[in-house]
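Read off the chains here:
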Amino acid sequence: AQSVTQLGSHVSVSEGALVLLRCNYSSSVPPYLFWYVQYPNQGLQLLLKYTTGATLVKGINGFEAEFKKSETSFHLTKPSAHMSDAAEYFCAVVNSGGYQKVTFGTGTKLQVIP
Amino acid sequence: GAGVSQSPSNKVTEKGKDVELRCDPISGHTALYWYRQSLGQGLEFLIYFQGNSAPDKSGLPSDRFSAERTGGSVSTLTIQRTQQEDSAVYLCASSSRTSGIPREQYFGPGTRLTVT
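If you're matching them up, the sequences are chains A and B in order. So for the first sequence, my numbering puts the first residue at 144; every next one is plus one. So for the second sequence, my numbering puts the first residue at -4; every next one is plus one.
Taking lysine-lysine pairs in the DSS-like style, the calculated list, with each CA pair at most 30 Å apart, reads: (1) B:K52 with A:K192; (2) A:K252 with A:K201; (3) A:K244 with B:K52.
These are computed hints drawn from the structure, not numbers from a lab.
With the hints as constraints, model all of the structure from the sequences given.
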């Protein structure tokens, strides 16, 4: 079975400050990991994904995430928050074997304070 | 090209009525997913279609929920005898392959269902 835990349903940061959104996963096989972003009244769109290879993954809008197997984590970071980053962020995991059911975390709403 | 589309965008219905929600995936995408997004609940998996294989219905919350996918393309999610707890945003997503390294899911804008 696979699962995803996102710590903090709401995170507030000041504009220009570091953004850190936490994601821990549980998977019985090597996972594939994703971060999606949902802007208000829109569907989800992919920010970045880890499949194989380099453990530091860069995505759109200056976001990046690092896969740490020893910590079973895939935290999302951005060095400097922008007002346009205010959205809800979802971490997701897919098992590398068998049928590709995607399990999403419960999401973290990011508020950026001017 | 066209993305995933869903209709209607909003649906208000009375408790006990049946509703149908439609999803048009990206052309050529073999995998189609339905999720439910309730306030503060994240994304709840409902059902997954892959090509002509039997769908994974393990996420459907009750037998009032059903879904079909005709011709490997358009999908309809049906909720019978709606209840107030069915109020949520229903999201559809599609992706281009179902084996090997997974591709991203492309999401539609969702259907907001309100049961009064």
